[in-house]
Amino acid sequence: MLKYLIKRVLWMIPLLIGISLISFFIMHLAPGDITNNEASFNPKTSEESRQKLRELYNLDKPVIVQYGLWLKRMTTLDFGNSFASHQKPVFWQTKDKDGNVTKGMIQEALPITLMINVLGLIITLTLATPLGIIAARKYGLWQDKSITLFNFIGFSIPGFWLSLLLMYWLGVVNNWLPISGLHSINYESFDTWGKVKDSLSHLFLPVVIPSVTGLAGITLFVKNGMLDVFHQDYITTARAKGLSEHQVVYTHALRNALLPLITIIGLSIPGLIGGSVIAETIFAIPGMGKLFFDAVMMRDFPVVMGILTIGSALTLIGNLIADIAYAWADPRVRRGVMQS
Amino acid sequence: MKILAFLTNQFLKRNAKFSFIATCLALSACGDSSQNLSQQALNNLNKSYPSQSGGTLLDATIGEPSGLIYMVAGESAAGAISSNIFNKLLKYDKNLDLEGELVEGWQVSSDQKTITFKLKPNLKWSDGKPLTSADVLWTWQAVTDEKTRSPYASDFQLVKKAETPDALTFSVTYDQAYAPALDSWAGLQILPKHLLQGQDLHTTAFARKPVGSNYYKLDSWTNGENIKLSRNPSSVLGQAKIDNLVTRIIPDSSAQFLELMADNIDSMGLDPIKYARIIPARPELKQKLALYKELGNSYTYMGFNLKRKPYDDVRVRKAINYAIDKQEIIDGVYLGLGIDIASPYKPGTRWSNPDLKPYPYDPQKAKVLLKEAGFVDSDGDGVLERDGKPFSFEILTNQNKEREKSAVLIQRRLKNVGIQANVRAIEWASFISRFIKTGDFDVVILGWGLGLDPDQFNIWHSSQQAPGQFNFIGYNNPSIDMLLEQGRTELNPDKRQKIYHEFARVLLEDSPIVYLSAGYGLSAIHKRVKGIDNPAPPAGVGWNTYDWYIPEPLRRAVPGRTEISTN
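These protein sequence lines map, in sequence, to chains Y and G.
Residues 1 to 340 (this note's numbering) are what the first sequence spells out, left to right.
Residues 1 to 567 (this note's numbering) are what the second sequence spells out, left to right.
Here chain Y stands alone, though its shape is the one from the complex:
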């Protein structure tokens, strides 16, 4: 097992280099660089000043040389500084000689996005599992059909449209919830309980809407998993033994039906750290999706590369954990790993 783990971790290094190489070249395939964003098309600015900028950022060198420079910095885990955002460090905070700490861009955005998406995933799972079980047990009956209908409505509704409607109804018409942002303007003046309440009320819509619209997929997975398991011999055996329906479903069937969920959660890790541009824009949340989108639009290469590298590293780690979890949960998989 340990040998297997070490092998997997070592494999990640060439994989990451490959990913970064491809990302770097694709990024440079897009025309333009930081010096021709919209603000630069201003008659007050001169071509010389843009050329100066290009030289400073090594943008005048061949792409392969730029990649080499980037890779060299990466060996010391130096993700560099943003072009567009006053040279803010891309990944982690730095301290200047006067003791001023500048926070890293990913350092600030990642926890926000992670918190929202993990909360959303928890809500999705807690709702989808019982819904999937009910749909499987009442397969073909009205309960199943209404769950399917509900799910597909949720699936088909564009998230941004639902968001705006709910922002309008809950925020403008009724004034029950804040409309956008992460905190109230006077957040600092609240006591601890007030701060928690304020944060929760701001998080409510951004967390709940994606989890409702994401419900359909997971529910269907649970339902199909359950249906598959119901047809297995051991369930027939359990029923024949005269076990109660409750025991058959929750003790014997459910555990097997939930196995594929581990894969689903593993696959959702890139989404958990990626964030959503549209949701973050609408709700004014300074998260990863917005950060990445803005960086791409501004051709802020260090930020784009930083997010891609950290994103792919976390994804690879996530996949590894999912595989380990699978082996832990399923003896058949475990035996397979040992043998290979």
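FYI, nobody ran anything at the bench for these hints, they're computed from the structure.
Computed from a prediction, not measured in an experiment: that's the story for all the values here.
There could be a bad hint or two in this list.
What follows is a set of in silico ranges between Cβ atoms, one per label pair, in the way DEER data are often shown [to be verified]:
1. Glu48/Y - Arg505/G: 31 to 37 Å
2. Glu394/G - Arg73/Y: 39 to 45 Å
3. Pro62/Y - Gln364/G: 52 to 58 Å
4. Pro331/Y - Arg434/G: 55 to 61 Å
5. Pro121/G - Lys61/Y: 49 to 55 Å
6. Ser189/Y - Arg412/G: 55 to 61 Å
7. Asp98/Y - Asp97/G: 38 to 44 Å
8. Arg73/Y - Ser220/G: 29 to 35 Å
9. Arg73/Y - Asn492/G: 40 to 46 Å
The beta-carbon is built from N, C-alpha and C at its ideal position, and this holds for glycine as well.
Position chain G against the provided structure of chain Y, taking the given hints into account.
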């Protein structure tokens, strides 16, 4: 000062992706009354109140500034906030005439090459240190320094010599008279030498905790959420009325509008739909919001690649100009909130020549001109040909909803006179690097946002055609070159005015571009904010933000969370 202009500009620039949603919302909900404020509170908004200080003004910005040192940050989001914190030597008054901001006065030497500024006495930074000519000199050195990458350095690099004979005097000498100089000193925000000396402007922490001299100082900056300013008690220009300015960062304009409806922000820039349709249709919004419109220094145009045939032929350019119905674009795309222009200057200002009239819509004249230029429809397919080649081209534009819609209207009008046009919209960075820089285009729709100085040397002079320079249409007209050179060296405003009137006349006659429209900057401001000039003077609605006030009965009980007291 620039907040509103900035908001509206930013707003117009963004593709209003979700604005149709807001429209649906507003229309479907027209019937119900979503009263955040009681009727009495709404009535109170229309009473008059004496001017008094205090209160908090909340507004929103679409983009977060990268830093608050404007000369290196460069973007308008930074300028909107830093202009409340820093001062300049000169400023434009209500009527767009220059006056002193940090200076009592200035003198131009008889050879027009040296300008001497006299600072006001006893100026102070908000940390209590004195502001002297040394700070001004240091700021000039910083902006022109080799190591500083400022997009705005070029004006200041023309200064041959800068001197500070004493603590209150600052003088600059140019190689030759340079008329836009005064305008450039009305744009440079003066930075404190004692805090920045020896630091790298591009990495200094000062950019996120600046110390200035203007009406406000920075209180806090929460990344991605808000920037809070409070009144600077030692402001060099006296005291502003409103205590706190809070700018929330809300990247989506629909979300901004919902916040405005819910009373959580006091002002925002509007698009024409919100200004002309949504707000007027909703009684409660109409009662609590005041709407403002002002012309900006910007216009949209259709430009030709003058190095290519047949656009080198003035008859062809004029024909296309006559063939396009500009009023239709203004009405259809901007809902009437724009005007037809005949010169590249804001109408109503001294630089705009009042005798010039825009090209009228006249398809017959267009057809005659095209025929003169040798275009005839010989095969009867409805498209004109010359030398066997059909007259067809691609109109390129960036992904900007207004420009795309304008292009479609133009396409139809051109078809009527026998020109086949296709429309293509391209993402900004690709557009600039693949088509504009390489000169690989026939016709583009773009806009110019201009400063207040009339000098447009960079855009029209024949020497400015290298890749990356702004005369990318390849305009080359010796009489225009001469007028631009004269206008740059003439500091007398009256003589200068004559030069630019003539410049605009020649330009209109030669029609190197088709002026499509100058759109109004639109904004809504909550009626709790008083002291705003309506209609806006030439300098714009935000020219006197320091005089705006929020009467105590109309203030928010808790800033940021609705409810206006009803007493």
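Hints, one by one, checked against the model:
1. The given range of 31 to 37 Å is respected by Glu48/Y and Arg505/G, whose C-beta atoms sit roughly 32 Å from each other.
2. Look at Glu394/G against Arg73/Y: about 42 Å separates their beta carbons, and that is inside 39 to 45 Å.
3. Range check, Pro62/Y to Gln364/G: Cβ separation about 56 Å, and the 52 to 58 Å hint holds.
4. In this structure the supplied range 55 to 61 Å holds for Pro331/Y paired with Arg434/G, their Cβ-Cβ distance being about 58 Å.
5. Look at Pro121/G against Lys61/Y: about 52 Å separates their beta carbons, and that is inside 49 to 55 Å.
6. For the hinted restraint 55 to 61 Å between Ser189/Y and Arg412/G, the CB-CB distance of approximately 58 Å keeps it satisfied.
7. Taking the beta carbon of each, Asp98/Y and Asp97/G are about 42 Å apart, inside 38 to 44 Å as hinted.
8. Between Arg73/Y and Ser220/G the beta carbon distance is about 33 Å. The supplied range of 29 to 35 Å therefore holds.
9. In this structure, Arg73/Y and Asn492/G break the distance hint of 40 to 46 Å, their C-beta atoms being roughly 55 Å apart.
Going through the hint list in order, the structure does not satisfy hint 9, though it satisfies all others.
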